[in-house]
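Protein chains: 2
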Amino acid sequence: MPSPIEFYFDFSSPYGYLAATRIGALAARHGRTVDWRPMLLGAAFKATGMAPLPMVPIKGEYSMRDMPRSARFLGVPFNLPARFPISTVAPARLVSWLRRRGGVDLEAAVLALYRAYFVDGVDISAADAAAGCVGALGIDSAEALAAMADPAVKEGLREEVEAAVAAGVFGSPFIRVDGEPFWGVDRLDQVERWLSTGGF
Amino acid sequence: MPSPIEFYFDFSSPYGYLAATRIGALAARHGRTVDWRPMLLGAAFKATGMAPLPMVPIKGEYSMRDMPRSARFLGVPFNLPARFPISTVAPARLVSWLRRRGGVDLEAAVLALYRAYFVDGVDISAADAAAGCVGALGIDSAEALAAMADPAVKEGLREEVEAAVAAGVFGSPFIRVDGEPFWGVDRLDQVERWLSTGGF
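Here the protein sequences come in this chain order: A and B.
Residue numbering for the first sequence follows my numbering, starting at 1 and increasing by one per position.
Residue numbering for the second sequence follows my numbering, starting at 1001 and increasing by one per position.
Don't take each hint at face value.
[Said to hold, decoys possible] To give an idea of the chain B side of the interface with chain A (calculated C-beta under 7 Å), a few residues:
1. 1048
2. 1056
3. 1058
4. 1166
5. 1186
[Stated by the list, open to error] Chain B stretches covered by chain A per the calculated footprint, using a threshold of three residues with CB under 8 Å from any CB of chain A:
6. 1012-1022
7. 1063-1069
8. 1187-1198
[Claimed, not checked] Here are a few chain A residues that sit away from chain B, every Cβ distance over 10 Å (derived from the structure):
9. 56
10. 104
11. 112
12. 126
13. 181
14. 195
It should be emphasised that the hints constitute simulated quantities derived from the structure, not laboratory data.
Don't be surprised by glycine CBs; every beta carbon is placed ideally from N, CA and C.
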């Protein structure tokens, strides 16, 4: 069994969203599954000294133009939310919990949350809004809210994010294929060739 | 006459080098020429607060892996130079001078300098090494050295770089097509579609 593709993403990352809409089908074309790994860019920024894109002079303005253009290029619906960026601790906890819990289509859950934020403008930083996004997948809202408030779930995500950054994950999306790291939605073409050829 | 594609690059930028090997043919496919614009990333870093890739923790290590891999992906010869990054003021002055002077294949000059550094490991930060790279194009070495030491050439480049940063150029490669900005060799696919469709 080939190992799953590790897909790290932050829910406030437009490029993470764009890649999330592609990675499942890409993996399937090569007989792989995806391990959906929520992360928190804030922890990565602390380790690298980098800053959220909108806060970087000049580059931030460029990125505000590049984000919707990249979405149009890929044919993915995208509306820059009125509140951007946001804290993504709540939805990250939700997905971390669902990943450990099992019994749910995690790709569908991730895409429901991403689309709520980047298409419908829902502020998923609020736990109840995040819980509402996965209700249609059969996740009980009260159970999801309890999970997001559970100290064990909080600590679990904290440890996962810490381990990810310690292992070199510094951005979103960040993809690992059999140990090989790829950063950015613009590396999906390299990921595809890597999977086709076993490395180049 | 469609306007030329503005191509900004720093000679110490591996991604600038990779894009430089592609942009001429890409432009020609769409009946365009390239305006080769040397820039200095140091000036952009001052304006954005960004740092040279090798100096950024975690991301720097990733980039050392991504640079040669991206070169292999594109089929472009690449050897990370022993001295990297370097000051690129001398070769930037040389190309700035040649651009104003005319009468030379500027693409050939830029590629000769880039290949000397990123394939043959020549330290083109030295004015005489830079001059030597364009000798085969009929540029007299003494004339080139005099140009790089000419206060008017120095001031010309300084003004060009300042104007570029003021106009939003913050990285290398940075490409403008009819006013639309694209950053990175991984945006060449968007540049190509922009030229094909007139914008998307």
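Quiz item: What hints, given by number in increasing order, does this structure fail?
Solution: 4, 6, 9 and 13
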